[in-house]
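Asks: Okay, here's what each chain looks like letter by letter:
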Amino acid sequence: MSERMPLLKLENVTKRFGGLVAVDGVSLEVRHGEVIAIVGPNGAGKTTLFNVINGVVFPDGGKIYFEGKDITTLPVYKRAPLGIGRTFQIPRPFGSASVRENIAIGGMFGTQGHMMSVDQSMEMADRYIGLIGLKGHSDKPAGSLTPTEKKLVEIARALAMKPKLLLMDEAMAGMNPKDIDRMVQLIKEIRDTEKLAIVAMVEHIMRAVAGLAERVMVMHQGAKLVDEPTMEALSDPRVIEVYLGHPPEGHLADR
Amino acid sequence: MNNTVKKYLPLFPVLAGYFLLFLVGKNMEGKWQLIAMLAFYCAVGQAFNLFMGMTGYVDFGYVAFLGVGTYGMAIAISRWSDQGLGLGLLVIGLLMAIGMATLLSLAVGAVALRLRGAYFAIATIGVNEGFRYLIEGARLWNGSEGIIFTAQLNTAFGRDFANVLSTYWADVALFFIAPFAAFLTLCFLRSRIGYALTAIRTDEDAAKVMGINVTRYKIIAFIVSASLAGMIGAVSWALKLTYVFPPDVFAISYTIEAIIIVLLGGAGTLLGPIVGGLIYGLSKYYLAVILPGFQLLIFAPIIIVIIVLFPEGTVGVLKKRVQGTAWEKIIV
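Residue numbers (the working numbering), protein chains in the order written: chain Y, 1 to 255; chain B, 256 to 587.
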């Protein structure tokens with residue numbers, strides 16, 4: 001596989017819901033191992049863009065390529081085996097199943113799924129439980145965890161799929177600063193050890209963006225506003241105007 | 256303890272339960288009919304649980320699979336009784352029952368399993384009623400006159416054996432089918448099929464995102480469950496009664512009973528159907544003895560209370576109780 005070929009490529013992707021253009025001609029390239037943040041205010045089309053990449057909805061226009069293969073209308077369940085993993089904004093672990101089983105399910109149906117037995121998936125699940133620091137909770141039903149723990153389980157479940165691209169939907173929304181820093185640390189660790197590209201969607205938590213992403217794509221009203229390296233993007237006057245509004249003095253300084 | 260034994264350990268309480276039930280029926284004077292009825296309810300629950308319990312989808316047309324299974328056996332015996340096939344005729348009948356139930360489930364599943372929740376339930380009610388009226392209206396398989404094959408059964412097996420077959424072996428067969436269904440349930444639970452179905456039951460959209468081909472796994476569960484229902488229909492309706500009439504076998508009340516049994520016992524559990532089947536069968540029987548005519552009136556609120564208090568069913572509650580203890584490995 002050529003290293004120059006982008007892992008994920010969106011060409012002019014458009015998605016309409018009736019008269020509303022949720023995603024408006026967005027093009028994006030994600031390279032292997034890259035960490036990109038997609039930021040934008042509520043309603044900017046971030047989630048729809050994720051759904052289009054993920055296959056939950058199909059675009060009305062444009063093309064999506066994954067490792068050079070056209071996946072524009074590939075059913076959602078066929079994308080995980082190709083290497084697209086995802087976490088949800090509101091975590092959706094399988095509540096009645098245990099933490100270990102949840103993560104093992106990721107392994108069973110992900111990119112390595114066809115060559116992993118149930119037992120092997122369980123063993124792999126234990127490794128990821130260690131990574132997210134939930135060792136004592138392996139046998140608890142995932143539904144009984146705290147929201148932050150559920151998020152961690154979901155991340156581990158997505159990692160167990162051994163994806164090449166991980167779509168993280170608001171991994172840090174609603175967390176306190178301490179948890180955010182821990183999550184950023186975890187994501188960095190994942191990036192370094194798992195060798196995957198991460199596209200993270202972030203609404204407001206700029207400290208997370210600054211600490212994590214190499215590149216930032218800012219969306220506004222469905223369209224791509226800027227796509228630049230993190231520091232440039234966050235200080236771009238257009239971004240400050242449409243996305244951050246008029247911050248009080250010193251607001252950006254503490255990032 | 257070696258791994259295979261460990262894996263199939265939860266089957267022992269189920270097998271012990273059926274064995275005990277059989278012994279009671281064998282040795283207690285005049286209780287065989289009751290025991291046969293209980294075995295029937297347990298078997299139907301066991302088979303239905305494989306679909307409803309595992310996927311969370313409620314099939315209101317489930318009895319149609321028992322119905323076509325009954326027809327499968329009835330057709331085989333009425334057509335080929337004079338071919339000198341011996342016991343092979345029963346095998347052919349059973350295979351026809353399985354085959355017809357499988358075909359019907361494939362046809363229904365391919366369409367209805369694309370629907371969710373209440374829509375699936377409503378669509379399946381139509382299947383059951385529709386199939387009954389198709390048989391009656393199109394005069395398929397002798398239409399509303401049904402098939403009476405008592406004479407053919409006598410021709411094929413001789414009067415004495417035919418008699419034992421329908422009064423004894425038809426019931427005994429349930430003691431093989433029900434544990435077999437339980438065994439399949441455990442195989443499901445312990446394999447990727449079971450994990451896929453668990454995911455589908457809790458969050459179908461998330462399951463798809465995880466790479467699970469949800470339609471495929473739902474159809475697998477549907478077909479397996481339906482073919483077991485076909486077998487049950489073939490033995491405990493066709494062989495036992497030696498006739499089949501459309502309104503008898505396509506009666507929605509059996510589906511309702513199956514749903515109640517699965518819920519009482521605990522949907523998706525291995526032990527649930529036998530517990531649910533026993534609770535349901537025994538209370539139905541004794542309520543009818545104590546308060547004839549009022550049994551349904553009393554039964555309905557009891558079921559509502561149980562299901563409201565224990566939405567996870569008896570075994571579901573038990574499973575939670577034993578979590579973290581040694582029993583955890585046996586009660587599944």
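Treat the hints with caution; some may be incorrect.
[Stated by the list, open to error] Going by beta-carbon spacing under 8 Å, a handful of chain Y positions derived as facing chain B:
1. Pro81
2. Ile90
3. Phe94
4. Ala97
5. Met115
[To be verified] Calculated pairs, DSSO-like style, for lysine-lysine (alpha carbon to alpha carbon, straight line, at most 27 Å):
6. B:Lys539 - B:Lys261
7. B:Lys539 - B:Lys574
8. Y:Lys162 - Y:Lys78
9. Y:Lys162 - Y:Lys63
10. Y:Lys162 - Y:Lys195
11. Y:Lys135 - Y:Lys178
12. B:Lys539 - B:Lys495
13. Y:Lys9 - Y:Lys69
14. Y:Lys78 - Y:Lys135
15. Y:Lys135 - Y:Lys63
16. B:Lys262 - B:Lys495
17. Y:Lys135 - B:Lys281
18. Y:Lys63 - Y:Lys78
19. B:Lys281 - B:Lys539
20. B:Lys262 - B:Lys574
21. B:Lys261 - Y:Lys140
22. B:Lys584 - Y:Lys135
23. B:Lys281 - Y:Lys140
24. Y:Lys140 - B:Lys262
25. B:Lys574 - B:Lys584
26. Y:Lys135 - Y:Lys188
27. B:Lys575 - B:Lys286
28. B:Lys584 - Y:Lys140
29. B:Lys262 - Y:Lys135
30. Y:Lys135 - B:Lys261
31. Y:Lys135 - B:Lys575
32. Y:Lys140 - B:Lys539
33. Y:Lys9 - Y:Lys195
34. Y:Lys69 - Y:Lys135
35. Y:Lys178 - Y:Lys195
Calculated directly from the structure, the hints in this document are not laboratory data. Since the model is a prediction, treat every value here as computed from it, not as a measurement. Even glycine gets a Cβ: it sits at the ideal position worked out from N, Cα and C.
Asks: Hint by hint, say whether it matches the structure.
Replies: Now the hints, each set against the structure:
The criterion of a C-beta within 8 Å of any C-beta in chain B is met by Pro81 of chain Y, whose closest approach is roughly 5 Å, and the hint holds. For Ile90 of chain Y, the interface hint is violated, the least distance from its beta-carbon to any beta-carbon of chain B being 11 Å, above 8 Å. At its closest, the beta carbon of Phe94 of chain Y sits 4 Å from a beta carbon of chain B; the interface hint therefore holds under the 8 Å criterion. Residue-level restraint check for Ala97 of chain Y holds (minimum Cβ-Cβ distance to chain B is 5 Å; threshold 8 Å).
Violation of the interface hint for Met115 of chain Y is found here, the shortest Cβ-Cβ separation to chain B being roughly 12 Å, above the 8 Å cut-off. The suggested pairing of Lys539 of chain B with Lys261 of chain B is violated, with an alpha-carbon distance near 36 Å, which exceeds 27 Å. This hinted pair checks out: Lys539 of chain B and Lys574 of chain B have alpha carbons roughly 26 Å apart, not beyond 27 Å. At roughly 14 Å between alpha-carbon atoms, Lys162 of chain Y and Lys78 of chain Y fall within 27 Å of each other, so this suggested pair holds.
Using a Cα cut-off of 27 Å, the hinted pair Lys162 of chain Y and Lys63 of chain Y holds, with the two alpha carbons roughly 25 Å apart. Among the hinted pairs, Lys162 of chain Y with Lys195 of chain Y is consistent with the structure: their alpha-carbon atoms are about 10 Å apart, no more than 27 Å. Taking the CA atoms of Lys135 of chain Y and Lys178 of chain Y, the gap is about 20 Å. The hint holds against a cut of 27 Å. Distance check on the hinted pair: Lys539 of chain B and Lys495 of chain B sit about 21 Å apart at the alpha-carbon level, within 27 Å; holds.
Between the alpha carbons of Lys9 of chain Y and Lys69 of chain Y the distance comes to roughly 10 Å, so the proposed pair stays at or under 27 Å and holds. For a cut-off of 27 Å, the pair hint linking Lys78 of chain Y to Lys135 of chain Y is broken: about 31 Å separates their Cα positions. Between Lys135 of chain Y and Lys63 of chain Y, the direct Cα distance comes to roughly 42 Å. Violation of the 27 Å bound is thereby established for this hinted pair. A distance of roughly 35 Å separates the Cα atoms of Lys262 of chain B and Lys495 of chain B; the hinted pair therefore is violated under the 27 Å criterion.
Distance restraint check for Lys135 of chain Y and Lys281 of chain B: the Cα-Cα separation of roughly 51 Å exceeds the 27 Å cut-off, and the hinted pair is therefore not satisfied. Between Lys63 of chain Y and Lys78 of chain Y, the direct Cα distance comes to roughly 17 Å. Compliance with the 27 Å bound is thereby established for this hinted pair. Using a Cα cut-off of 27 Å, the hinted pair Lys281 of chain B and Lys539 of chain B holds, with the two alpha carbons roughly 21 Å apart. Taking the CA atoms of Lys262 of chain B and Lys574 of chain B, the gap is about 17 Å. The hint holds against a cut of 27 Å.
Note on Lys261 of chain B and Lys140 of chain Y: the hinted pairing holds, with a Cα-Cα distance of about 21 Å set against a maximum of 27 Å. Simply put, Lys584 of chain B and Lys135 of chain Y have alpha-carbon atoms about 21 Å apart, close enough for the 27 Å limit, and the pair holds. A distance of roughly 44 Å separates the Cα atoms of Lys281 of chain B and Lys140 of chain Y; the hinted pair therefore is violated under the 27 Å criterion. Distance hint between Lys140 of chain Y and Lys262 of chain B is fulfilled; the C-alpha atoms sit about 20 Å from each other, no more than 27 Å.
Between Lys574 of chain B and Lys584 of chain B the CA atoms are separated by roughly 10 Å; this keeps the pair inside 27 Å, and the hint holds. Annotation: proposed proximity of Lys135 of chain Y to Lys188 of chain Y holds, straight-line Cα distance about 20 Å (limit 27 Å). For the hint linking Lys575 of chain B to Lys286 of chain B, the alpha-carbon distance of about 34 Å lies beyond 27 Å, and the restraint is violated. Distance check on the hinted pair: Lys584 of chain B and Lys140 of chain Y sit about 15 Å apart at the alpha-carbon level, within 27 Å; holds.
Among the hinted pairs, Lys262 of chain B with Lys135 of chain Y is consistent with the structure: their alpha-carbon atoms are about 24 Å apart, no more than 27 Å. Straight-line distance between C-alpha atoms of Lys135 of chain Y and Lys261 of chain B comes to about 24 Å, which keeps the hinted pair within the 27 Å bound. A distance of roughly 21 Å separates the Cα atoms of Lys135 of chain Y and Lys575 of chain B; the hinted pair therefore holds under the 27 Å criterion. With a C-alpha separation of about 37 Å, the suggested pairing of Lys140 of chain Y with Lys539 of chain B is violated against the 27 Å cut-off.
Simply put, Lys9 of chain Y and Lys195 of chain Y have alpha-carbon atoms about 18 Å apart, close enough for the 27 Å limit, and the pair holds. With a CA separation close to 39 Å, the supplied pair Lys69 of chain Y and Lys135 of chain Y exceeds the 27 Å bound. Restraint check for Lys178 of chain Y and Lys195 of chain Y: the C-alpha separation of about 26 Å stays at or below 27 Å, so the hint holds.
Checked against the numbered hints given earlier, the structure breaks hints 2, 5, 6, 14, 15, 16, 17, 23, 27, 32 and 34 and satisfies all the rest.
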